[in-house]
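One line per chain: the protein sequences are A and B, in this order.
Every number in the numbering used here is 196 more than the matching position in the first sequence, counting from 1.
Every number in the numbering used here is 196 more than the matching position in the second sequence, counting from 1.
Each hint should be verified, as a subset may be incorrect.
As the list makes no split between identical chains, a pair holds if one copy fits it or if it spans any two.
What the hints assert, rightly or not - Derived pair list, reagent style DSBU-like, types lysine-lysine, alpha-carbon separation capped at 35 Å:
| id | residue 1 | residue 2 |
| --- | --- | --- |
| 1 | K206 | K392 |
| 2 | K238 | K431 |
| 3 | K369 | K431 |
| 4 | K314 | K529 |
| 5 | K267 | K238 |
| 6 | K243 | K323 |
| 7 | K431 | K510 |
| 8 | K267 | K206 |
| 9 | K445 | K296 |
| 10 | K238 | K314 |
| 11 | K489 | K206 |
| 12 | K431 | K243 |
| 13 | K445 | K267 |
| 14 | K238 | K550 |
| 15 | K206 | K305 |
| 16 | K238 | K445 |
| 17 | K267 | K392 |
| 18 | K445 | K243 |
| 19 | K243 | K305 |
| 20 | K267 | K243 |
| 21 | K243 | K529 |
| 22 | K323 | K445 |
Note that these hints are calculated values from the structure, not bench results.
There are 2 protein chains.
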Amino acid sequence: MDPRLHAFAKLIVNMATQITRGDNVLIQISDHGHDFALELYKQIIEKGAQPLLVSTPTELVRAFYDIADSKTISTLPRHYYHLIQASDVIINIRSEANTKNLSTVPSHKISARAKTLKPIQEERLSKRWCLTQYPTMGYAQEAAMSFAEYSDFVFSAILIDWEDQLRVMQELKQILDQTDEVRLIGDRTDLIMSIKGRNAVVGGPDNNVPGGEVFTAPIDDSAEGHIYFDLPAIKYGQEVEGITLYFEKGEVVDFSAERNEALLRSMLETDAGARRLGELGIGTNRGITTFTKNILFDEKIGDTIHLALGRAYKECGGTNESAIHWDMIKTMKYTQGSRMIFDGIAVHLSEDGKWVTES
Amino acid sequence: MDPRLHAFAKLIVNMATQITRGDNVLIQISDHGHDFALELYKQIIEKGAQPLLVSTPTELVRAFYDIADSKTISTLPRHYYHLIQASDVIINIRSEANTKNLSTVPSHKISARAKTLKPIQEERLSKRWCLTQYPTMGYAQEAAMSFAEYSDFVFSAILIDWEDQLRVMQELKQILDQTDEVRLIGDRTDLIMSIKGRNAVVGGPDNNVPGGEVFTAPIDDSAEGHIYFDLPAIKYGQEVEGITLYFEKGEVVDFSAERNEALLRSMLETDAGARRLGELGIGTNRGITTFTKNILFDEKIGDTIHLALGRAYKECGGTNESAIHWDMIKTMKYTQGSRMIFDGIAVHLSEDGKWVTES
C-alpha cells in the first residue's frame, strides 16, 4: 500500500466526514482503490462506525447502458435508494481504470439515467458526503503523466496543510463577503461583475477532497467586459480551447474559441441561463500546479479563477437557473501581471500565503 | 473470462433465482469473481432488473474483527439491513482468496457478530436467495488441487443436466415421502431410523448452486444401531476423522473417532439435541466425485448420505432443537456393497440414473 493512503484516509474520516460512533458509512469505489477502501474501513471501525463497501466497476456501468431498455433505464433501483437513505455518511472514491469508458454511449441514455437516479442523488446530498479520487492508470493517462507522477500529483493536492489552507480560504471569504464589485484583469481580459450581497463559500476539505476554492455567485445581469480562458473547458469529454467571452448586462453577447467553437455555441444555446454566469470561483490550493482535465482538481489550482456558465449555487445566494453548469478556468498569476480587483483594491495571495492588498 | 461462467450465470439468473423485470437484485462477492459478477450483471439487466454489487474482501472482514470493540460488534449496520430489506433477490457468491482468513479470530467475537447480524440473515432468507461459489486459489488449496483442476471440479458440479437431476431428486422425494423406516447398511454400519410423516425436500438448484441432495428429518427418538463415516466431519475449520456413532432410542450412547475425538465429544455435549439426528440427506449430484472440505459441494456428492447431529429443518417437519447442526458424510456406493433400505426394499440409483428397487 502507498504509505500516503493512511494520511489520506485520516483526512477523509476525521476532517471531511467527521465520522463518529454509530455512523452508517457507505464507501463507493469503481475499479481500483481496494487498498484505500481497506484503510478507510479500518479507521471507520476504530471510530465505532459501521462501514459497507459498494463497488461498481466501469465495465458494469457500461454494460448497463449497452443492455438496458428504456423501461429499465427509467426504473429507480429501490434497494440502492434505501441503502443511500439509511446511510449517515457516503464516501465516493473515483477510481476508474478507464476514463473513456462511456465515451461512445449516446448522451440521451446517460441523461435519462441521471434523471431516474435524481432521488438517489438528492438523498445523497442530504447526508454527510465526500467525493474524492484514488490515482489510477486511467487518470494518469488522461493527465499525460506516468502513474508515479500522477500519484505524486494527487497526494500533493490532497496532503497539504489544511489548517493553513482553511485560514487562506476563510480570509478570502471575508474579503469577498465585503466586496460589491469584482474586476478581473489579465491576458486578453477585463471583466467586471457584482457579487453584492452574495455569500462566498469555503470549499473543503469536506464535500470535495481535495478542497481549495472559494466560490460565490455573480449578480445575474452584472457582468460587463471580456475574458479569455487559457485552459481548455471540458464538456462531454470534449475540450474547447482558447475561449473568449464578451459580456453585456450579464449576458454573453459574443464569443469565440480557438478549437471546438461549435460545442461552445451549442452550450450557450441551451437556455437563457446558459449565457449568464452562475459561479465565480477562486482556486487557492497551491499543492495543485498542473491542469489535468479533471475538474475535481483543476478548479482548485492555486492562482486561478473559474467562471461557470449556467446554474448558480443556492448556498451562495445565486439565482441564475439553467440546465448546465459549465466551469471555465483561467490562470491568474499576480507575478505574470494578472489582477483581481475588489471594490477598486487589488488583492493577491503572496508567495508565503498571505492576502496582500494594494490600492 | 472462463467461457463456462456464461452458462453458470444463466443457471443462477434463470433457474435458481428466476429474475424478472423490476427485480432489485443484490450481488455479494468477497475477493474474486468480478468477471462473474459482470456476466451476472449483464444477464440481470437483460431481464429488465436492477443489479447492485456489494463486495466485502476477506481482509475487510478480518479488519472488522481485529479492530471493532464490543459495542461496534453488537451494533446492527442499519444501512446494510435496509439494503437487504429492499432487495427482491440476493445472490451470494463465495469467492474468498484465503479460506483461513478468520482462523485466529476468537470464536466468541464471530458468534457475537453473527447474533448481531441475525435480523439481516432472517431478512435475507425471506427473499429469493442463492448461495454459490466461484473458483479461487484459496478453495483450490483447501481442496489440494491445482486451480485448473479446481475450476473443472466446480463447473462439473454446477453445469450438469439439471432437468434430469431434478427428475432424479423428485423421484427420490416421492420414495422418501412414502417411506416409514430407513435402514442404512455399509462399511461398519447398520442403522435404522424412522422418517414417518416427514417431508423430503428437493435441494436445488435454487438456494444452493450446485444443488443435488434430497433431505428430510428423522423422528427424534427413532435411530437405532451404528454408523461409520468414512469422510472427515468438519467444524470450526477442524477435521474429525473416522467417526463411529452408536444410537439407542434416537440418542448417541457411544462414539469414537480415529482423529480429533475430543472435538466430537465437546460437540455432543453442546445440548440434548446435539446427541440426536436433525437431518438425513442423500447426495445425488454425480458431477461431484471428490470430497473438498466444503459442505456446499460435499453434501451433494453422488452416492453419499449425510446425517446431521442437532437442529432439524422446519420445512421437513423436523422437531429436534439444538444450537448445532453438524453434517457428517458417508460414501454409500451400491457397487461397493452399501445399501439404502426403505421399508424393507433396497433402493439405489443405477449407473444410468434410474431408481432401481429390489426386495
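As a check of your reading, is K369 near K431 (CA-CA no more than 35 Å) within one copy, between copies, both or neither? within (28 Å within a copy, 63 Å between copies)
Please work out whether the CA atoms of K323 and K445 approach to 35 Å or closer within one copy, between two copies, in both situations, or in neither? neither (38 Å within a copy, 61 Å between copies)
Taking 35 Å as the upper bound on the Cα-Cα distance, should K206 and K305 be classified as within, between, both, or neither? between (38 Å within a copy, 26 Å between copies)
At 35 Å max between alpha carbons, let me know whether K267 reaches K392 within a copy, between copies, both or neither. neither (47 Å within a copy, 51 Å between copies)
Status of K206 relative to K489 across identical chains (alpha carbons, at most 35 Å): For K489 and K206, the Cα distance is within 35 Å only inside one copy (27 Å; across copies 41 Å).
Status of K305 relative to K243 across identical chains (alpha carbons, at most 35 Å): between (41 Å within a copy, 18 Å between copies)
What label fits K238 with K314 when the C-alpha limit is 35 Å: within, between, both, or neither? both (31 Å within a copy, 23 Å between copies)
Using 35 Å as the alpha-carbon threshold, which applies to K267 and K243: within, between, both, or neither? between (42 Å within a copy, 11 Å between copies)
At most 35 Å between CA atoms: does that hold for K267 and K238 within a copy, between copies, both, or neither? This pair counts as between: shortest inter-copy Cα distance 16 Å, intra-copy 40 Å.
Between copies, within a copy, both or neither: which fits K238 and K445 at Cα up to 35 Å? neither (54 Å within a copy, 52 Å between copies)
Can you give me the call for K445 and K267, within, between, both or neither, at a CA distance of at most 35 Å? neither (44 Å within a copy, 61 Å between copies)
Identical-chain pair category, K206 with K392, by Cα at 35 Å: neither (38 Å within a copy, 62 Å between copies)
Figure legend: structure checked against the earlier numbered hints; hints not met, in rising order: 1, 4, 9, 13, 14, 16, 17, 18, 21, 22.
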